[in-house]
Amino acid sequence: MNIILNKRFEYKDLPDMREIQSRIDRIAAQTTIGETLFFRHHGVKSEAEFKRKAMKEGFISKHSHIGWNSWDETARNVEYIYRELERRGSYITRMGFIFDWVMGVPEEYRSKLQPGTGLIFKTPEEWKAIGQIAPIQPHMSDHMIGCPNALENARLALEAGVTSLGNVSHYFTYEYPGIELERERTENSLLAFGLMGRFDGTIIHSNLDDGYGNQFHDLANLTGWTMIERYLVEDLLGASMTFSYGNLFSDPISRIVFNMVCDATNVKNTPGTMTFGNTIDYGLDFSKNYGALSSFSLADAICQRHKPTGHAVASVPVSEACRIPTADEIIDGHLCVDMMIEKAALYEPYVNWNAVEAERDILLACGRVFFERVMNGLDDLGVDLTHPGEIFAALKAIGPEQLEMNFGVGKKEKTALRGREPVRPTDIIKTLQTKQKKMFLSAGKVEGELAGKIALVASTDIHDYGKELVKSLCNKAGAEVFDLGTYVTVEEINENLLETESKVVIISTYNGIALSFAKDLLTKLKEHDMEDVVLIMGGLLNENLDGSQLAVDVTEDLKALGVNCDNRMETIVPTIKKIYEGTYQR
23 MNIILNKRFE YKDLPDMREI QSRIDRIAAQ TTIGETLFFR HHGVKSEAEF
73 KRKAMKEGFI SKHSHIGWNS WDETARNVEY IYRELERRGS YITRMGFIFD
123 WVMGVPEEYR SKLQPGTGLI FKTPEEWKAI GQIAPIQPHM SDHMIGCPNA
173 LENARLALEA GVTSLGNVSH YFTYEYPGIE LERERTENSL LAFGLMGRFD
223 GTIIHSNLDD GYGNQFHDLA NLTGWTMIER YLVEDLLGAS MTFSYGNLFS
273 DPISRIVFNM VCDATNVKNT PGTMTFGNTI DYGLDFSKNY GALSSFSLAD
323 AICQRHKPTG HAVASVPVSE ACRIPTADEI IDGHLCVDMM IEKAALYEPY
373 VNWNAVEAER DILLACGRVF FERVMNGLDD LGVDLTHPGE IFAALKAIGP
423 EQLEMNFGVG KKEKTALRGR EPVRPTDIIK TLQTKQKKMF LSAGKVEGEL
473 AGKIALVAST DIHDYGKELV KSLCNKAGAE VFDLGTYVTV EEINENLLET
523 ESKVVIISTY NGIALSFAKD LLTKLKEHDM EDVVLIMGGL LNENLDGSQL
573 AVDVTEDLKA LGVNCDNRME TIVPTIKKIY EGTYQR
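Just so we're aligned, residue 23 is where the sequence shown starts under the working numbering, counting upward by one.
Derived from the structure by calculation, the hints contain no laboratory data. Quick caveat: nothing in here was measured; it's all calculated off a predicted structure. Each hint can be trusted.
Lysine-lysine pairs mimicking DSSO-like chemistry, simulated, CA-CA at most 27 Å apart:
(1) K78 to K329
(2) K525 to K599
(3) K67 to K150
(4) K67 to K290
(5) K541 to K599
(6) K498 to K434
(7) K600 to K457
Can you make the complete structure from the sequences, with help from the hints?
See below:
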């Protein structure tokens, strides 16, 4: 076993679990769960109670994620969506509110982060108002628990009546550049998970697609990872958890299989939160996006017809890939999903459930092997397997690549990615391979075009698939590529430019800070006499400007600064070549 531990702090110095449990008890004694309009409307005390009743009655919940950064706009649209769906004979049971990343850190650190496009609460009254807009149960996950401000967020959410809260997976992947609070993040996450475990009906949510789930290459290893997260949250901290997935599952049958995989280890019978929509098939063609919406929602509804787990079927508006959707687009998506739920009952009897269960059992058997290998490996590294904080920190210090390389269940193969043939490759790996082939074809013959040239690539957030594609293209063209990873900072880029003397930086961004990030980087380059460096940006080039309630496209603003915004893979190699030849014009 050859593992490098990239420790952010000394996890052996964490408080022992007796002290942590004692603190949880004191906090729980001062915390009460609020009552939302949804609870009052349905006569329940938690979303879990509602879900269990719904599952018995064969009722399928529906979900939407929303992301307006203005409270007034959020409240107005939530009420409008609820009333309009009701008027048109439809319904929605829950909504996930997308919070800005500044919510993930204590208030005294928020000025160090550039606000994105998400919602920001400033007072306890704003928290409590979230469940009083309409009889829709609020769900919170982005930058809530698993982050440095986890405990405060959990306490305020519970007081507001929010009983499903995430995100466990964010502990491992969501970062806050320039703010180093990893020890506090670990302690506060343990306290937050434990606090929720003190109240019946609470659900700790883990969206695997936001964590190592989008970085593992093998579904078998991802299955084992769910067992690790369950061990941490349920066995060691006494809470109840469920898994969400779907963003990166484009194969409808894979969605059904993986739902059954997660259900098989759900010994507490905790109702699911939701299955996310398949967004990797979404593009700029809205008509095609309706096909993707129908495909994944039909599969999710069939799954809930066959074996109800409580997971709500999510409606993802067809405009999701290019901008923040409007309220009417959210409504249109739900009306489409309604038809899929209705027709699912006709499909369900004809699915070969024996084949689905056989596939489930393969993943479960391989997942248990991965779980045991990881736990044995942690033990060999001296990690206390009874202390969840040590395990959380050690797993983050190891990272997904080393976990798969050292403990993966796939057959060892030198030519395979990460040295192992996946037992079952994830859909995103299959999709990336397909997109990579198309990209190589559209780019034409590029071998050797960038020989001796240097390029820096990075992402401003967790979404790194565009970065990975760009990197593979530049590598094929012969460039020396330095990958700065995700959540890159301006300072990191500046330092690497000084060290590598690269003439080009390629940034992928999806978190609504494109213009601010570009301005900060260009200012830094000017300070260090590196104005000849060309900045190429791609992804979702938007931002909230001048107090606007919705993020707007900032492509033209970026171009005015001299940023290359072609956002087309086929132009990257010739553009970099021109930059180094001195013929590129901004």
